[in-house]
Amino acid sequence: MGLVLNDDEVMLRDTAEGFFANKSPVTALRKLRDDRDETGFDRALWKEMADMGFAGVVIEEDHGGVDMGFMAAGLIAEQMGRNLSASPFLSTAILAATAIREGGTAEQKAAWLPKIAGGEAIISLALDEGPKHHPAGTSATAEKSGNGFKLNGSKAMVVDGHIADALIVAARTSGEEGDAEGISLFILDPKTKGVFTERTIMVDSRNAARIELDDVEVSGDALLGSLDEGMAVLGKVLNAGRAAVAAELLGAGSQAFESTVTYIKERKQFGTIIGEFQALQHRASHLYSEMEIARSAVMAALTALDDNDSKADLYCAMAKAKLGSVAKLASQEGVQMFGGVGMTDEYDIGLFMKRIRVLQELFGDAHYHMNQFALANKF
Amino acid sequence: MGLVLNDDEVMLRDTAEGFFANKSPVTALRKLRDDRDETGFDRALWKEMADMGFAGVVIEEDHGGVDMGFMAAGLIAEQMGRNLSASPFLSTAILAATAIREGGTAEQKAAWLPKIAGGEAIISLALDEGPKHHPAGTSATAEKSGNGFKLNGSKAMVVDGHIADALIVAARTSGEEGDAEGISLFILDPKTKGVFTERTIMVDSRNAARIELDDVEVSGDALLGSLDEGMAVLGKVLNAGRAAVAAELLGAGSQAFESTVTYIKERKQFGTIIGEFQALQHRASHLYSEMEIARSAVMAALTALDDNDSKADLYCAMAKAKLGSVAKLASQEGVQMFGGVGMTDEYDIGLFMKRIRVLQELFGDAHYHMNQFALANKF
Amino acid sequence: MTDLKAFAAQAREWLEANCPEDMRQPISSDKDLCWGGRNWEFQSEAQKTWLERMVAKGWTVPTWPKEYGGAGLSRAEENILKKEMARIGARSPLSSFGIWMLGPALLKFGTEEQKLEHLPPVARGEIRWCQGYSEPNAGSDLASLATKCEDKGDHFIVNGQKVWTSYADQADWIFCLVRTDNTGKKHHGISFVLFDMETPGVDARPIKLISGRSPFCETFFEDVRVEKKNLVGTRDRGWDVAKYLLTHEREMIGGQGQLEGQGRPLHEIAASSLGIEDGRLADPMLRAKVAEAEIDDWAFSLTVARKLAEAKAGASLGADSSMLKYYGTELNKRKYELMMDATGHDGLEWESDRSNDGKLARSWLRTKGNSIEGGTSEVQLNIISKHILQLPGA
Amino acid sequence: MTDLKAFAAQAREWLEANCPEDMRQPISSDKDLCWGGRNWEFQSEAQKTWLERMVAKGWTVPTWPKEYGGAGLSRAEENILKKEMARIGARSPLSSFGIWMLGPALLKFGTEEQKLEHLPPVARGEIRWCQGYSEPNAGSDLASLATKCEDKGDHFIVNGQKVWTSYADQADWIFCLVRTDNTGKKHHGISFVLFDMETPGVDARPIKLISGRSPFCETFFEDVRVEKKNLVGTRDRGWDVAKYLLTHEREMIGGQGQLEGQGRPLHEIAASSLGIEDGRLADPMLRAKVAEAEIDDWAFSLTVARKLAEAKAGASLGADSSMLKYYGTELNKRKYELMMDATGHDGLEWESDRSNDGKLARSWLRTKGNSIEGGTSEVQLNIISKHILQLPGA
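Chains as they are written, first to last, in this note's numbering: chain A, 1 to 379; chain B, 1001 to 1379; chain C, 2001 to 2394; chain D, 3001 to 3394.
Some clues are possibly wrong.
Mimicking DSBU-like on lysine-lysine, the simulated pairs with C-alpha atoms at most 30 Å apart in a straight line are [claimed, not checked]: (1) Lys1311/B - Lys2208/C; (2) Lys3208/D - Lys1268/B; (3) Lys23/A - Lys2208/C; (4) Lys1268/B - Lys3243/D; (5) Lys191/A - Lys109/A; (6) Lys1268/B - Lys2386/C; (7) Lys3057/D - Lys3031/D; (8) Lys3082/D - Lys3108/D.
Worth flagging that the hints you see were computed from the coordinates, not collected in a lab. It should be emphasised that the depicted structure is a prediction, and the values quoted were computed from it without experimental measurement.
Looking at chain A on its own, in the form it has when it is part of the complex:
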């Protein structure tokens, strides 16, 4: 279990740390927001991330990637979390890359993976439909139609969906809502007739979309992975997504925590530095403990993915559950300890609270994963 970073990993982390702190600090997100940028991210930054190898971090070298694995991906995500850096890293470099790598035909891989690694294509996963993450609840349908399929349904919380060059859509080809079986994945062009995309600006000023599929015709080539067995690929995609989101939560939570500790060492009230108040000290120390526990959970999940551990599902569920709770606690304690200024848009702590709220919801919140953890352990 790789719970301690090796030299390569330390080097990568340091590189990523410097990169995001310089190229995409919190002020960059503020600018995107305040300028009401239509894409919601900085294409130049994404290109630079591709040049650094970040976009191809889990893509094989044959397809233009650097194939450094999930621990490396997590280290990058963590630094993005620390800086609230906006980019299609999660949607494209993690989710789409994993989906195509795991489920794609040679043609699909050749068509898409080099573009992902090169920062030339943005691809979004259109999976969830309702207010909560629920893969088996997929009710969008794909009926056979000639040599291809006809897709119908509605998708929500499609991260980066409004700027995607391709969509990976989960749709039901058999079975009923609630069945894990019978779901298939399709990769399609969002400009296809019948695809309606609405950008939804979320609380964290980041990108998502709602997508309507109205008799969308795709060819048989659009199928990604085996018919009816999309969940096999999706399972790996979601594990990757959960671990990466947990890593981003670790970064965001750590930054929220550390900036709070810094603040309470400076702020004076009642003639005293408020960090001298023991009640705050104990809460900060408790939170430090939780953050350390959380870090282990993230590292273990990322390692489990790299090791193809048979319990990777459980590791990722644990990490996502734990980080959902702990990063939230860090943001809550942060706003409270900053006090009045923590409520103002001028300070960053509120932006962390917003981003953490979205991340903890993505691909299952703590409650969802506690439930999955229990079911997997047969209780």
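Based on these hints, arrange chains B, C and D on the given structure of chain A.
Just chains B, C and D now, with coordinates in the frame of chain A:
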């Protein structure tokens, strides 16, 4: 909603406060325990409680009671909780008295209520069978047999069961385990052939028993309430029990809390009274708040019973849930703040922790009542 | 028929006849409130009529003496009036810091001249007031405020900065804590003064919050002239006035949890978002927390009622207002976290029509301020430690 | 074949040949432990044989130098030996505060004479030691200890009282913190001394805990004579020795959560008590808390492993041992509360055979001490605040 005590109630509370503090302080429980007293309570005390009217607090005057109602009963239970006073008050004066008053025939009332009020009969409710409270889970059976019934089954956590002069037994006369319908109540002599009683000494050094019923023959007169509709009576009995136990938890929790506050005003470490440490101050103040919220819950539940409020079930579930959590917190914070001496048998705080653990389990713990609360609210 | 019954009947009759139908609709947003003041633009004719009619009765401030614009009602009569208004769903005719805060302060500490000058315009909704308390370095530690007030013989000159001055950009006058002496202990040397927001040197700038636009402002004073007659209470003893009003404010905020609770129950929001399976909320883990929060919410509401009932019975609410403020605001935060959990992706939308411009998300973020404004949770816990538990050094 | 592989093969062969079958059974109670000492009565012939054989190999203290009764193994070899023992389920041949606490202290601070006198009998299980640290008024604040140690020329005289001296009533010798100077700061003037528990004036009385009988004692010293050669380290600087050992102890206790976790998982205990309905624990509310606790438990175990791995990689565990101690003991308390919830009425029985004399209830109560002994949770949080977060005044 009687959320403020009236003059009569204040007087009763003051009387009960003095009575239990003088007649049955914590040292009395220690003596019963260390002497390995076979009854586990003090008959002389119980007789005095009867003389005070406590044993007949919810019994009509016609049957020798004082008929002061459940708020009064709760005020008595609260003082017993403060002093860890051992007596058959709960089993006999609350549960049995309510069962017979609500479900008894004129003959049954005449036979038992005056004896209860006079402190002459101890009666136990034999309801639960498994490790957790689950009335509908009753699987003991009562088959028709001649003019009477034949009872079979096992009962656990029968409070005061080993010293009871009569048992009120819940047994299934129709339906299946899990059905609320089909349960009937029987009142019987524990010396009846086929009744086997084992005293179980519990963590709080108080009384309970396991009871085996092996082809126990009772006459038709033994039926308490209507056949198959025992739950109608039992619902009222359990509401009364839950509210009284919540009141006892309020007393025990309050005493644990107050003694802890007193202790941290005296104990010195690091050259400082530990009550000066802000981290302890904030935890104590949080606990104070919870205790105040809990007190309101108890008073509202007791009032709802006296008012025959249609939502009495919900009030009692809320009170039992809240007190189960809050009194537990009070005992946990107590032991921790007392520190090493809190772990010793010499100090009382551990005895409170033990008693609170048993009380929170009786008639449904916080989880049980949260679930009931949710189901009643259709979620 | 008792006097109170007679009053109830008269009030009912008058309200039925005089409260416009539009003013009996539930308040759907801040825009439905009437704040009055020099620059107020009535949202509707009904809003204007309703205010005028209530002013004429003295019922915008029913318990104030008639000479100050009130109706001189007893507390019992006021309660009846409230009940009768609630019965028909009548909106409050006037929202006003002048009524809620300045009024009580002037009635207790003001001179007869001050009352006659300032209270009637408040009662009539002609002058809108704001409150100048907190400063950037005097938040929880309010008494360390530094806004300087110099005695210039026949007038004062005020220099400094306030924050969290609600609606300062829309208010006509401000009641303000300033420092008239800084040679003694920090609680000494504070004074309570009133001045017109149009006085030269006053500048109010709205603060943007994490939840979006807000009524709060940063307010700057540069050589602002204040007439001496506008000092309320004893010079250098303004802390007495402030303390009196803070307790008042805490009780208002503490009750908020309960007010919010009057909306749609949490479990209904959760059920409509997540669905019910086999009679249970489809998210079993969230269900446990919803049940816990609703039980706490119910017990808390009962506690608010109990404490108010006890206070009526003669006891003062005292430091228990800190307990209610602490518990109510923390609980409210918990409830909004659970609502966000329950509504998931939908609740995260920030700008869409579908989400009513992120109404829930903005409310969720706004609740985070509940445990900061009006004295932080930490300050309330300190007060409980000191005044209720009497712990040493608290 | 590397040296380590060769060592592993030899160890495996030796253990297979020499570890009695009875000593390969899981430990079912405290009675299965071998503590040694003057008055030790072996529980079985196998226990005796096993100790003797391991002593002969130097494997009761494998990394100690051979001249002190050890085998001079490297850490790597010791780990292999542990793994090989674990493979066949071999019990530890000897439980001993002499090995765990005194040994590390003497190896670091002792003179050659002290090591030669005291370590070999520890290694052989001939002398059983106990620890004299806490006093009634020096619990969390250990450095304020008052047990007086006067210099009488060629010897010391000790007077005072210790508490929480585990197994003091069964120990042969004690290592003890005493005050040799009380004129300076409290951390100065403490000395670390050794003496025989049979010295006149020593009296150890067991303490009854809320969980029942306990190994802890109150220990009284009245004019106890201590030879000067039995002072360890520098006089008045015993706090250095104590600090060194406290960190050691904290790491042991912090790991306990994990050790306990090696038992039956909480969810299995809950499932067998409550049953499973539709694939889910029959108590839906408890289920949520069990899942939460098990996730925390897993992540905590990973954290123990991570911190140990980091320490191996060169970094010192340092103040993070406080974090592990704090989190592990609080988590352990939570888990036992949930076990009690899960077992309900059954778990509450205190004396019955059915409940194995209240084993669970007693364990539950015993866990409450985890967050008190070896430095309270509050002290650990203070240490984190000061040494990790570097908060002012911590």
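Check your understanding: Which hint numbers doesn't this structure obey?
Key -> Result: hint 1 breaks, nothing else.
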